[in-house]
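Participant: Sequences listed follow chains G and L, in order. Going by my numbering, the residue at position 47 of the first sequence is 47; the numbering climbs one at a time, nothing skipped. Going by my numbering, the residue at position 1 of the second sequence is 1; the numbering climbs one at a time, nothing skipped.
Possibly wrong hints are sitting among the right ones.
Computed footprint of chain G on chain L; a stretch qualifies when at least three of its residues, placed anywhere within it, have a C-beta under 8 Å from a C-beta of chain G [what the hints assert, rightly or not]:
(1) 10-21
(2) 32-45
(3) 66-75
(4) 107-115
Derived DMTMM-like pairs (lysine to aspartate or glutamate); straight-line CA-CA distance at most 20 Å [said to hold, decoys possible]:
(5) G:K3 <-> L:D63
(6) G:K54 <-> G:D31
(7) G:K52 <-> G:D67
(8) L:K14 <-> L:D63
(9) G:K3 <-> L:E56
(10) L:K14 <-> L:E83
Derived from the structure by calculation, the hints contain no laboratory data. Note that the structure is a prediction, hence the values are computed from the model and not measured. Beta carbons are placed, not taken as given, at the ideal position from N, Cα and C, and that holds for glycine.
The lines below spell out each chain.
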Amino acid sequence: LAKTTQPISMDSYEGQEVNITCSHNNIATNDYITWYQQFPSQGPRFIIQGYKTKVTNEVASLFIPADRKSSTLSLPRVSLSDTAVYYCLVPYNNAGNMLTFGGGTRLMVKP
Amino acid sequence: DTGVSQNPRHKITKRGQNVTFRCDPISEHNRLYWYRQTLGQGPEFLTYFQNEAQLEKSRLLSDRFSAERPKGSFSTLEIQRTEQGDSAMYLCASSLGTSGRHSTDTQYFGPGTRLTVL
Numbered sequence: 001l002a003k004t005t006q007p008i009s010m011d012s013y014e015g016q017e018v019n020i021t022c023s024h025n026n027i028a029t030n031d032y033i034t035w036y037q038q039f040p041s042q043g044p045r046f047i048i049q050g051y052k053t054k055v056t057n058e059v060a061s062l063f064i065p066a067d068r069k070s071s072t073l074s075l076p077r078v079s080l081s082d083t084a085v086y087y088c089l090v091p092y093n094n095a096g097n098m099l100t101f102g103g104g105t106r107l108m109v110k111p
Numbered sequence: 001d002t003g004v005s006q007n008p009r010h011k012i013t014k015r016g017q018n019v020t021f022r023c024d025p026i027s028e029h030n031r032l033y034w035y036r037q038t039l040g041q042g043p044e045f046l047t048y049f050q051n052e053a054q055l056e057k058s059r060l061l062s063d064r065f066s067a068e069r070p071k072g073s074f075s076t077l078e079i080q081r082t083e084q085g086d087s088a089m090y091l092c093a094s095s096l097g098t099s100g101r102h103s104t105d106t107q108y109f110g111p112g113t114r115l116t117v118l
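Take these sequences, add in the hints, and give me the full structure.
Facilitator: Here it is as structure tokens:
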């Protein structure tokens, strides 16, 4: 069963690139990896999703190595408003219908 | 606003009381999920519905918890005989539900209902 591991917290400064890595050793071959952002007292918000190699959208990039045992969320030029908790999400059961958020990474962006 | 809505946003109750939360998903979404989130932790899966059918339940969903989704639209989550350990944020999410593997669906979350059990 897949389980995710992320750094508990990270600090950065405005304008820097931030990379957050999540390990998911037992992800099923046909499952995707999804990243969410959560602000205090709000529900998580979808950021990006991928299966392999690299995916890029208007807010982030997602890098997934060939073995798919980890993924890295890349946030270019962060701003203060990117201060939040970031979660990678994968299924944790064989049927792929129960998803685990894990503990998340608390990103603090400083001026 | 066509997003996921949840009511109430906050609920304070005394231990032993019953509470019920409501979730209204995005209208064309077939799947609806319930999660529980305690302070400092990530959301934990509780259960999900495909249309009106409840297809999966977590072990976290004790027999004091019951969820329904009549007619495949809104859903309710009821907690009977609340305990202080039930204090948490209860999140609802919905997705189109077109794929057998849920990881390919994007889940859209509501703002949550914060429950405090005194």
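Participant: For each hint, tell me whether it holds in the structure or not.
Facilitator: Status of the hints after comparison with the structure:
no. : hint            : in the structure
1   : 10-21           : violated (count 0)
2   : 32-45           : holds (count 6)
3   : 66-75           : violated (count 0)
4   : 107-115         : holds (count 7)
5   : G:K3 <-> L:D63  : violated (26 Å)
6   : G:K54 <-> G:D31 : holds (15 Å)
7   : G:K52 <-> G:D67 : holds (9 Å)
8   : L:K14 <-> L:D63 : holds (19 Å)
9   : G:K3 <-> L:E56  : holds (19 Å)
10  : L:K14 <-> L:E83 : holds (8 Å)
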